[in-house]
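Novice: Assemble the whole structure, with the sequences as input and the hints as a guide.
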Amino acid sequence: MKIPEKCPDLNSVLSSEPIRTSADTLRYAKEYNEKYLHWDDLKYRDFGDSSRMEVWRMMKVMRIMAYRSVKLRHLELFYSLFDDYTQRTLHEIDSRIASGFLNSNGIDDKRRIMLSVSSMMEESIASSQLEGASTTTKIAKKLLRSSLPPKDRSQSMILNNYRAMQLIKSRLNEPLSPELIKEIHRTVTDGLMEDPDTSGKFREDDSVAVRDAYEDVTYHVPVKHELIADMVESLCGYVNNESEFVHPIIKGIIIHYTVAYIHPFLDGNGRVSRALFYWYCLKNGYSMVEYLSISKVIKNHRHGYDMAYLLSETDNEDITYFIRYNLKMVSESIDVFDTYLKRKMKEQEETMKDVEDLGLSYRQSQILKDMIRGGEPVSQYELSVKYQTTVPTVRRDLIKLIEMGLVKTSGKNGHRMLYVYDPKK
Numbered sequence: 013m014k015i016p017e018k019c020p021d022l023n024s025v026l027s028s029e030p031i032r033t034s035a036d037t038l039r040y041a042k043e044y045n046e047k048y049l050h051w052d053d054l055k056y057r058d059f060g061d062s063s064r065m066e067v068w069r070m071m072k073v074m075r076i077m078a079y080r081s082v083k084l085r086h087l088e089l090f091y092s093l094f095d096d097y098t099q100r101t102l103h104e105i106d107s108r109i110a111s112g113f114l115n116s117n118g119i120d121d122k123r124r125i126m127l128s129v130s131s132m133m134e135e136s137i138a139s140s141q142l143e144g145a146s147t148t149t150k151i152a153k154k155l156l157r158s159s160l161p162p163k164d165r166s167q168s169m170i171l172n173n174y175r176a177m178q179l180i181k182s183r184l185n186e187p188l189s190p191e192l193i194k195e196i197h198r199t200v201t202d203g204l205m206e207d208p209d210t211s212g213k214f215r216e217d218d219s220v221a222v223r224d225a226y227e228d229v230t231y232h233v234p235v236k237h238e239l240i241a242d243m244v245e246s247l248c249g250y251v252n253n254e255s256e257f258v259h260p261i262i263k264g265i266i267i268h269y270t271v272a273y274i275h276p277f278l279d280g281n282g283r284v285s286r287a288l289f290y291w292y293c294l295k296n297g298y299s300m301v302e303y304l305s306i307s308k309v310i311k312n313h314r315h316g317y318d319m320a321y322l323l324s325e326t327d328n329e330d331i332t333y334f335i336r337y338n339l340k341m342v343s344e345s346i347d348v349f350d351t352y353l354k355r356k357m358k359e360q361e362e363t364m365k366d367v368e369d370l371g372l373s374y375r376q377s378q379i380l381k382d383m384i385r386g387g388e389p390v391s392q393y394e395l396s397v398k399y400q401t402t403v404p405t406v407r408r409d410l411i412k413l414i415e416m417g418l419v420k421t422s423g424k425n426g427h428r429m430l431y432v433y434d435p436k437k
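The numbering of the sequence shown is the numbering used here, which starts it at 13 and goes up by one.
Fair warning: there could be bad hints in the mix.
Using C-beta positions, here's what the derived DEER-type ranges look like [said to hold, decoys possible]:
# : residue 1 : residue 2 : range
1 : Ile15     : Lys311    : 19 to 25 angstroms
2 : Arg157    : Arg39     : 53 to 59 angstroms
3 : Arg223    : Asp350    : 35 to 41 angstroms
Bear in mind the hints are in silico, worked out from the structure with no lab data behind them.
Heads up, the beta-carbon is just placed ideally off N, CA and C, and yes, glycines get one too.
Specialist: Here you go:
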């Protein structure tokens with residue numbers, strides 16, 4: 013991946029001769045700012061009677077007028093949200109959350125829990141695959157649904173990520189702290205660090221860098237290890253300070269970027285930063301992100317993810333590039349989940365209609381419909397209580413459904429056999 017050309021030094025851009033405000037300079041500056049183009053992107057653009065530098069200077073003036081800053085110790089970040097794209101995307105995300113699209117699709121609490129678990133699995137798998145885990149999604153899901161130990165490093169990474177997602181859901185009532193960040197790292201790297209003592213600990217040297225060993229290119233040099241504790245403490249202070257409103261999704265993205273920038277650990281920084289984004293959004297009422305696998309969408313646009321970091325770092329820490337990219341990924345992940353949900357509900361509706369043509373008794377058809385809706389394994393005892401009948405009667409119903417190829421056994425809960433809907437195609 014080619015590193016973008018570094019933007020001209022901001023001070024030199026603004027302190028040179030007066031900015032030319034021709035019609036072309038203004039027109040192209042507005043047009044390219046709406047797309048939030050980088051200096052490197054302007055190489056092959058049209059400027060009319062103006063020039064690349066003149067248009068860039070005007071673009072920067074417009075951006076600076078709308079800048080908001082994140083002042084941390086040893087680091088200052090900038091971002092601007094003045095463009096239509098960012099405002100529209102944030103509005104659409106908020107509107108879809110406010111509409112309660114899970115409720116509008118008739119999802120009950122039981123199904124809601126299943127969707128949450130399934131999405132956490134998807135996120136755990138995709139976040140690991142972003143970091144090089146080679147296990148297929150199918151095998152990874154089987155691992156997470158079982159109690160079997162992981163067979164290799166990739167499976168361990170996925171299992172750890174899943175446990176980290178469970179961890180952050182249990183820690184929503186506390187502020188961000190270095191201890192929480194370390195605990196998340198300890199969880200995602202459990203049994204994976206070359207030196208086990210470094211799991212959950214900030215690095216104590218400067219031996220790490222984000223680089224491509226094959227092309228011998230260094231993309232990012234993390235901060236000096238002596239600054240890590242101070243910078244993380246400063247980040248926590250910024251995140252926990254609510255005196256100035258910052259949209260929770262924007263602030264979550266800022267956490268994501270900053271942790272990756274600091275690179276406080278020897279390994280696992282990407283997984284920690286993505287987990288913290290989820291934590292902050294959930295903490296601030298964006299419960300919908302629980303059902304999204306944003307890393308799965310990022311995995312399909314990996315080049316854009318890496319480039320968003322580079323564009324920000326080569327433009328004087330203007331993280332608008334990274335914010336815009338991640339907003340797009342959140343929006344796309346909502347689309348993916350919404351499409352999946354509608355497809356599943358349509359399939360369920362069609363299956364429900366088919367049940368009426370199977371020649372089952374009323375109770376048998378209701379048992380089958382419940383299994384289709386719920387999706388989770390149930391026992392004979394649970395069904396006997398629900399339908400106010402005897403266990404032997406329910407057993408006969410289940411045997412018939414098994415013989416018809418509609419239901420199968422699915423392990424045991426203690427001494428009770430469990431059954432699940434599983435039609436043979």
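Novice: Could you see if the CB distance from Ile15 to Lys311 stays within 19 to 25 angstroms?
Specialist: Roughly 22 angstroms apart at Cβ, these two residues keep to the hinted range, so it holds.
Novice: Confirm or reject the claim that Arg223 and Asp350 have a C-beta distance inside 35 to 41 angstroms.
Specialist: holds (38 angstroms)
Novice: Does the beta carbon distance between Arg157 and Arg39 stay inside 53 to 59 angstroms, or does it fall outside?
Specialist: For Arg39 against Arg157, whose Cβ atoms are near 57 angstroms apart, the range 53 to 59 angstroms holds.
Every hint from the earlier list agrees with this structure, and none is contradicted.
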